[in-house]
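Novice: In case you want the letters, here they are:
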Amino acid sequence: MERWQIIALVIAAYLAVTLAIGLLSGRRASKSVAGYVAGDRDFGLLVMYFVLGASIFSAFAFLGGPGWAYSRGAAAFYILSYGVLGIAPYFFLGPKAAALGRKFGYVTQAQLICGRFPSRGLSLMIAVLTVLAFIPYITLQMRGAGIVIEAVTEGNVPLWAGSLVAYGIVLIYVLFSGVAAVGWTNTFQGIFMLTIAWTLGLYLPISLYGGVGDMFTQIMAERPELLTMPGLTASGAPWSWGGYSSAIIVSAVGLMMWPHLFMKAFTARSDDTLRRTVVLFPTFQLFLIPVFLIGFAGVLYPETPPSSDFILPFMILNAELPAIVVGLFCAGALSASMSTGDSLMHAAASVTVEDGIKPFTEMSDVARRRLIQALVIAVGALAYAFAVAEGVSLVVLLLTAYGIICQLAPPIVAAMYWSRATTAGVIAGFAAGSATAAFFFLSGYLGNDLRPFDLHEGFLGLLAHVPVLIAASLMTQPQSESHRKAFTEVAA
Amino acid sequence: MITAYLVLFLLGTTWPGAMLFNHVEPLMLGLPFNLFVLAVLISFALVLLAALYASEKRP
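Here the protein sequences come in this chain order: A and B. Each residue of the first sequence is one higher than the last, beginning at 1 in my numbering. Each residue of the second sequence is one higher than the last, beginning at 493 in my numbering.
FYI, nobody ran anything at the bench for these hints, they're computed from the structure. Take these hints with a grain of salt, some might be off.
Said to hold, decoys possible - Quick list of in silico lysine-lysine cross-link-like pairs, DSSO-like style, CA-CA up to 30 Å:
no.	chain 1	residue 1	chain 2	residue 2
1	A	K358	A	K103
2	A	K485	A	K103
3	B	K549	A	K358
4	A	K485	A	K358
5	B	K549	A	K485
As the list claims (entries may be wrong) - Partial list, computed: chain B residues near chain A (C-beta under 8 Å):
no.	residue
6	L500
7	F501
8	P524
9	L538
Unchecked claim - Output of the computed footprint for chain B on chain A, the stretches with three or more beta carbons under 8 Å from beta carbons of chain B:
no.	segment
10	283 to 294
11	431 to 438
Since the structure is predicted, the reported quantities are computational estimates derived from the model, not experimental observations. Built from N, CA and C at the ideal position, the CB exists for glycine as well.
The whole structure should be built from the sequences, with the hints applied where relevant.
Specialist: Rendered as structure tokens:
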């Protein structure tokens, strides 16, 4: 048997285990929408921990992280920095959102916002923007899976087939088991990824350079510009502090506002589970360090991969490891892609139905569940079409997606903590923030970059969003006392 | 306490705070000094969050 065939067999075995876990986990969940979207609010600590952890260890961290360390050096450190800042507020926000979810039956974050600020238009606007932000994200995860499979099978399984098989499996378990499958497969995949990141992150520097310290000493001697923040841009020029700093802020604000993460507040069994998950989350940031080491190990390697995103599979293939070990490593990289992709597809479909369609027509619980399942297929097919078509602009779109998503933060905070906020204020702020972010994104995209100090357009959007929200709220009639208190004074 | 630390963390990881420890030498545990400082900042956040959790458990 040829080497690539052994590798393919190991990957196939791994995919089979994932599918089995995904299908088995759904048998216990109820057939309602709350069961399908919020897992009957019954996720324990272990599952919650890995669901959140998988969000950090997406294809972006597992392929993009080493790629950044390899080509942009210390610029990659921003990925380490934003996690703690992003998750800590969730210690307070999460349990409060969960309490409101139990009280009013919410399963998505737009329902929470529009519960406090009743407006079907706002609900639709949030649904459309989140789905727009989701598509490039899902596409990147699919491409990531395809890239890994194509690279390690020496092109015998092309990108389109690799993506199709990996995501066909994701589709099956998401359709049958809903969020329960997402939770349990993420747990399995999370354990798998961590083992692999540490093994490889320590093995490569030691085998190639004699040790982690020796590796950095040699990089310092030959490429010192890679080791000081803010590192380099994609084209190799020095990155600006404005760009680096605002990337941290936008990512921190946006992190928990991604609907697939925020909605998990509604899946936790108890507030205690949510809080403990937040406390443990920074450990995942520390687990990223070996991932960076993999990328740095490639810096002084004599050969170069076809593109920096290929650095992980490239280093694995060139490390002269037994075929079975290579297969396991690749399964780990696939885990990273699939564990994020399943969450995304599930959330995109749930948001479309719950926030984009349900406010406008009466539908039974069964019909909604069916429609969500149909949309999971539609979203998957659309993202797959983008994934197999060549598209460089997708990475650009993903960065913009963060700019859109972080505009969800002010309405969420206002809904739960600021009693004077009004519906008009929230709509005006949201519109102003999104428009500002879109304007600066387009200005850069059309070649005439107007952003001051190289700041991220999402950050500029927030600078417009918050003052408009406050001003417009103060100028309009306050909401009734009882309505406000139901939200701001709910015991978290 | 945790809020104060988060503000400190933000200032420490972005401009201009991050320029204070932005050098490679000395290597700590084999890591460049700036990467090591980030890891320490994250670990300390972990300890603080755990302390906050413990203090809320005992009313």
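Novice: Hint by hint, say whether it matches the structure.
Specialist: Hint by hint, here is what the structure shows:
Using a Cα cut-off of 30 Å, the hinted pair A/K358 and A/K103 holds, with the two alpha carbons roughly 19 Å apart. Between A/K485 and A/K103, the direct Cα distance comes to roughly 13 Å. Compliance with the 30 Å bound is thereby established for this hinted pair. For the suggested pair B/K549 and A/K358, the alpha carbons sit about 39 Å apart, so the restraint of at most 30 Å is broken. About 26 Å separates the Cα atoms of A/K485 and A/K358, which keeps this hinted pair within 30 Å; it holds.
Restraint check for B/K549 and A/K485: satisfied, since their Cα atoms lie roughly 26 Å apart, inside the 30 Å limit. At its closest, the beta carbon of B/L500 sits 11 Å from a beta carbon of chain A; the interface hint therefore is violated under the 8 Å criterion. Satisfaction of the interface hint for B/F501 is found here, the shortest Cβ-Cβ separation to chain A being roughly 6 Å, below the 8 Å cut-off. With its C-beta approaching chain A no nearer than about 5 Å, B/P524 sits inside the 8 Å limit, and its interface hint holds.
Residue-level restraint check for B/L538 holds (minimum Cβ-Cβ distance to chain A is 4 Å; threshold 8 Å). With 5 residues bearing a CB less than 8 Å from a CB of chain B, the segment 283 to 294 of chain A meets the requirement of three and the coverage assertion stands. With 0 residues having a beta carbon nearer than 8 Å to a beta carbon of chain B, the segment 431 to 438 of chain A misses the requirement of three or more and the stated coverage is violated.
Violated hints, listed in ascending order, are 3, 6 and 11; each of the other numbered hints is respected by the structure.
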